[in-house]
Amino acid sequence: MRSCLHGVSIELAELFPQQTLVLGGVDANGEATSSVESFDIGTNAWTPLSRLRLPRWSCACASAQGRVFVMGGRSVEDEILDSVEAYDVQRGCWSHAPSLNFARCELAAAACRGLLFAAQGVTEGEVPLAEIEWLPVARERAARDSQWLRAPRLHSPKRALAAVALGDAVYLLGGWDDLAGQPSSEVNYLKIEGHDQLSDGWRRAPPLQEPRAGCRGQQDLTSLERFTPGGHWELVTHLQEPRRACCVVPCGSSLLVLGGVKNQGDYVASLSRLDVRHKEWCPLEVDLVGSRRYFTACACRLRLVENVDGELKCAIC
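Taking the numbering used here, the leading residue of the sequence shown gets 487, the next gets one more, and so forth.
Do not take every clue at face value.
What the hints assert, rightly or not - Pair by pair, the computed Cβ-Cβ distance ranges are:
1. Ser585 / Leu770: 31 to 39 Å
2. Pro715 / Ser632: 19 to 27 Å
3. Asn587 / Gln750: 32 to 40 Å
4. Arg639 / Asp682: 12 to 20 Å
5. Gly716 / Arg539: 41 to 49 Å
Hints were generated in silico from the structure; no laboratory data involved. Don't be surprised by glycine CBs; every beta carbon is placed ideally from N, CA and C.
All chains, please: the whole structure from these sequences, using the hints.
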């Protein structure tokens with residue numbers, strides 16, 4: 487039975503290869519963009535998708551329940567946003583989703599067990615946030631649940647942090663600690679204990695080996711570390727090109743490192759692919775579409791389909 491399931495999973499992966507979506511950001515002219523592209527790691531090809539309804543940068547995204555959600559960020563006028571957009575698979579376009587309780591940028595987002603999380607960041611007046619909120623996004627509940635709910639707060643606010651879902655928990659990693667005035671190595675996690683039931687508070691996990699803070703980092707980073715089954719962080723390898731404010735996205739057995747900034751603010755247009763099993767970098771003969779930074783990215787399985795007008799739409803599996 488297990489071998490049969492493994493064979494089916496391989497066939498499904500070939501039919502619906504994992505894609506990396508790059509959304510929004512700041513273009514080469516220094517303006518917010520609504521551009522969205524999908525990168526196929528199998529063909530090294532970019533495909534343009536439906537644009538965001540609102541150009542935004544310094545936002546966050548996550549895929550859940552067959553949709554991609556983009557939230558918060560800054561607008562063309564540099565206004566901090568509370569709006570959320572969702573890519574609807576059946577309609578093949580973006581639509582409005584419930585707005586966040588707090589306008590925020592430099593936030594982190596993750597989806598776990600049908601719940602969408604928006605964590606920390608900075609709000610109007612450049613005030614850092616400790617608040618975390620969550621939204622049930624299961625399709626059968628979409629009509630009933632129309633607002634974000636408060637999750638337990640963390641003890642200190644952070645911005646430019648990262649979030650990831652692992653098992654039945656959401657982890658928040660690093661970030662810029664405004665109280666300490668420096669990047670953080672702190673890792674916290676919150677468990678989902680039942681049907682839309684959160685644990686009563688965040689718990690500490692082992693800290694990162696090196697403090698990290700996305701676009702707020704003061705220096706380019708060169709290392710890549712992972713959390714081991716033994717319960718500690720270890721160095722995996724060094725980046726091919728030092729950078730900060732980049733996006734790292736899992737894609738099958740690989741990690742993609744996309745874009746970023748280096749030196750005194752120079753754009754990094756390149757993509758790097760790490761074979762996690764062999765800890766080897768694999769060359770990619772392709773760059774980002776256009777020079778841009780402060781975008782967001784996530785992975786999901788897409789099936790590109792052509793409609794009667796010859797336009798490419800995508801379905802998320």
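Now for the hints, and whether the structure bears them out:
1. Ser585 / Leu770: 31 to 39 Å: Given a distance of about 37 Å, which is inside 31 to 39 Å, the answer is holds.
2. Pro715 / Ser632: 19 to 27 Å: With a Cβ separation near 40 Å, Pro715 and Ser632 fall outside 19 to 27 Å, so the hint is violated.
3. Asn587 / Gln750: 32 to 40 Å: holds (37 Å)
4. Arg639 / Asp682: 12 to 20 Å: Since the Cβ atoms of Arg639 and Asp682 sit about 19 Å apart, the hinted range of 12 to 20 Å holds.
5. Gly716 / Arg539: 41 to 49 Å: holds (45 Å)
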